[in-house]
Amino acid sequence: MKKKGLKALNKRAKKLEERDVFGMEEVDVLTGQPIGCTTIFDTGWETNPRPTTPMGNCVSSARDFTTCSGPCWWPAQTPDNITNWPDFQNQCLAVERDWRNLNFVIKR
Amino acid sequence: MNKFKVAENKTIRADGRDYIFLVADKAIFEMDTPTKTVLDELTPKGAISRQEIMDSLACESDEEREALFRGLLKRRAIVPANNGMFVSKKTKPHSQSIPLKTLILHLTDACNLNCRYCYHTEGDLKQGEKKVMGLEVACRAVDFLFNHAGPLEEVVLVFFGGEPLLNFKVIPAVVDYACQKATEKGKKINFAITTNGTLLSEEIIEFFQDKNIGVTVSMDGFDDVHDRYRRFADGTPTYEMMLPKIKRLLVRSNKKPAVARVTLVEDPGRVPQILDHLLGLGFVEVGFAPVTTGHPDYQLSNHDMDLLLGEFQNLSQKFLSAARERRFYGFSNIIDMLVSLHQGEVMNYPCGAGLGLFSIGPEGQLYLCQRFTGQDEFCMGDIFKGFNQEKLETFRNLAEISNKADCRHCWVRTICTGGCYHEACVREGNHLKPNLHYCEWIKQWSEIGLDTYCRLAAADPEYLEMLCMSRGHRSHVTVKET
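Going down the list, the sequences are from chains A and B. For the first sequence, numbering that gives the first Met the number 0 begins at 0 and goes up steadily by one. For the second sequence, numbering that gives the first Met the number 0 begins at 0 and goes up steadily by one.
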């Protein structure tokens, strides 16, 4: 039977296809998170949604244990876009251009 | 709970099959119908849970469903919902570690033509002050190239101007010196020259052939199109006198095929005839570029640009038909696009200028690229004292695509990366701005490119490999000689 899904055509696609998939989902989710430190435009960090330590803690603190270097700030001023407001930034495609569109979010 | 979303993409339907271009990764996949249905269904939902995705997958067993989900995740068709929210700040390689690959020697400011659309006469190269590069500077430039080439096995030296053949006398000596250096360093060196073709002689043509020098001729087409703008300083047309020389060049250049570069100023409807005319003369490839000018008289109008797009589409179709019969149709623009798509390298910069490519002024100054030669603002040091690291670093930081707010959410950003710095400098007033004036055009051209790519990849993937190899990329598969 023909395998379902996507078939790679270009070299980049083949590279993705050849990736090791072992334990992939967790790793992939993690690499999707921001790496490195804040710029003045980064509005802050998120709470850790994973069932691993530090549970419910903020990701920047998790980051402190692994990749963080330099001045990281404790999150306070931002809606958390992993758990509660995944799309809050959609109105602000390029932050230095569209930051005025960002508005308050109010906890339900 | 983790949320996911369908990755930013562009879908293509061609020859009854469905394809997806994943924007951030520059990856291209063929989709089967169930996958397409699921992705179409999930896209407008935004952030969704894993369970919602699993539920939407039409599969016979849970294992199959799991495998399909993992497959989509692995190929990044589905990504964590917060992906792309931030521009990830990867550690940039230290500038000094970017190896120098290409140096363009600006052999002379002088040109025996006075083309009315030339960016040099519009720029800082003032009439009357014609500087010429001496052999000493040229050889130090070669040293500079090899000293900064790092681990690269191959480097490129380009002769440019003005009209470089006005200073032909230094070329043989530089070529010999560079070959000797290459042997010492255990590297390979490739040579190329861009010329207007009016000064070619039997001796020069033999020299090019002998030393394996790639020749690009600036030529605009038939006599009437060509002579409209490409004239000697006294106004004499150039087509007639260069034609026998070009024919001689094309008969002789069998080691490295000669290519033509057309500057397009008007009448895009004639592009197919121009292409066939130049291929008919014996050029292996012909590339078209709309003129870069701030002068409204020479700019293609929006209407012309639309017509040009239509012509490019027809020519791409013609290229595809030829490719399907394993023939070659030398339309450079689509070839460049297909190679870029097939390689799938995600670029942070539109070109190599200021990274692995620099132009060297007649007195040894380093410029971003040949188009900025002679303009102090774009001088990045010189070959004697080395790079102005601070200025170069600043340029590299600012020119990165993540700084172009208008590009950040554009679906062609990994193909166009904001476009040519020089074009932006002329048309947008700043080389670091994206070329917003041709955004829509590039998007449509990219769509044509993707469509052509998908059709060809489905019909003959080996042909794409061969195209990439012809552009100096390594192949992942063994290609049979045909």
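In short, the hints are calculated from the structure, not lab data. As the structure is a prediction and not an experimental result, all values here were calculated from the model. Built from N, CA and C at the ideal position, the CB exists for glycine as well. Do not rely on the hints blindly, as some may be mistaken.
[Claimed, not checked] Here are the simulated DSS-like pairs of lysine-lysine, each with C-alpha atoms no more than 25 Å apart in a straight line:
1. A/Lys-3 with A/Lys-14
2. B/Lys-244 with B/Lys-210
3. B/Lys-255 with A/Lys-3
4. A/Lys-14 with B/Lys-9
5. B/Lys-384 with B/Lys-130
6. B/Lys-73 with B/Lys-100
7. A/Lys-6 with B/Lys-9
8. B/Lys-9 with B/Lys-100
9. B/Lys-180 with A/Lys-3
10. B/Lys-129 with B/Lys-168
11. B/Lys-9 with A/Lys-3
12. A/Lys-14 with B/Lys-73
13. B/Lys-244 with B/Lys-254
14. B/Lys-254 with A/Lys-13
15. B/Lys-9 with A/Lys-13
16. B/Lys-254 with B/Lys-186
17. B/Lys-210 with B/Lys-187
18. B/Lys-130 with B/Lys-187
19. B/Lys-186 with A/Lys-13
20. B/Lys-73 with A/Lys-6
21. B/Lys-180 with B/Lys-168
22. B/Lys-9 with B/Lys-255
23. A/Lys-14 with B/Lys-210
24. B/Lys-210 with B/Lys-184
25. B/Lys-168 with B/Lys-210
26. A/Lys-3 with B/Lys-184
27. A/Lys-6 with B/Lys-187
28. B/Lys-100 with B/Lys-244
[Unchecked claim] Take a look, some chain B residues computed to stay more than 10 Å from chain A by CB distance:
29. Thr-42
30. Cys-58
31. Arg-74
32. Gln-272
33. Asn-313
34. Ala-457
Exercise for the section: Verify the proposed pairing of A/Lys-3 with A/Lys-14, using a straight-line Cα cut of 25 Å. Expected result: holds, 19 Å
Handout entry: Hint consistency between B/Lys-180 and A/Lys-3 [alpha-carbon to alpha-carbon, up to 25 Å]
Key = Violated. B/Lys-180 to A/Lys-3 sits at ~54 Å, over the 25 Å cutoff.
Handout entry: chain A versus B/Arg-74 - minimum CB to CB distance exceeding 10 Å, so not interface
Key = violated, 5 Å
Practice task
Take the C-alpha atoms of B/Lys-186 and A/Lys-13, compute the straight-line distance between them, and say whether it is at most 25 Å.
Solution key: Between B/Lys-186 and A/Lys-13 the Cα gap is close to 30 Å, so the pair fails against 25 Å, i.e. violated.
Handout entry: Beyond 10 Å from each Cβ of chain A, as asserted for B/Gln-272
Key = holds, 33 Å
Practice task
Mind checking the alpha carbons of B/Lys-73 and B/Lys-100 for me, to see if they're no more than 25 Å apart?
Solution key: violated, 34 Å
Practice task
Take a quick look at whether B/Lys-210 and B/Lys-184 sit within 25 Å of each other, Cα to Cα.
Solution key: Satisfied, since the Cα-Cα distance of roughly 19 Å is no more than 25 Å.
Problem - Pairwise hint evaluation, B/Lys-100 against B/Lys-9, where the allowed Cα distance is 25 Å at most - result: The hint is violated at about 33 Å.
Practice task
Could you grab the alpha-carbon distance between B/Lys-384 and B/Lys-130 and see if it respects the 25 Å cut-off?
Solution key: Answer holds: B/Lys-384 to B/Lys-130 is near 20 Å, not above 25 Å.
Problem - Claimed clearance of chain A by B/Ala-457, with the beta carbon kept past 10 Å - result: Check fails; 8 Å does not lie beyond 10 Å.
Handout entry: Distance restraint between A/Lys-3 and B/Lys-184, which requires alpha-carbon spacing of 25 Å or less
Key = violated, 51 Å
Handout entry: Restraint check for B/Lys-168 with B/Lys-210, where alpha carbons must lie at most 25 Å apart
Key = The hint holds at about 15 Å.
Comparing the model with each earlier hint shows violations of hints 3, 6, 8, 9, 14, 18, 19, 22, 23, 26, 27, 28, 30, 31, 34; every other hint is respected.
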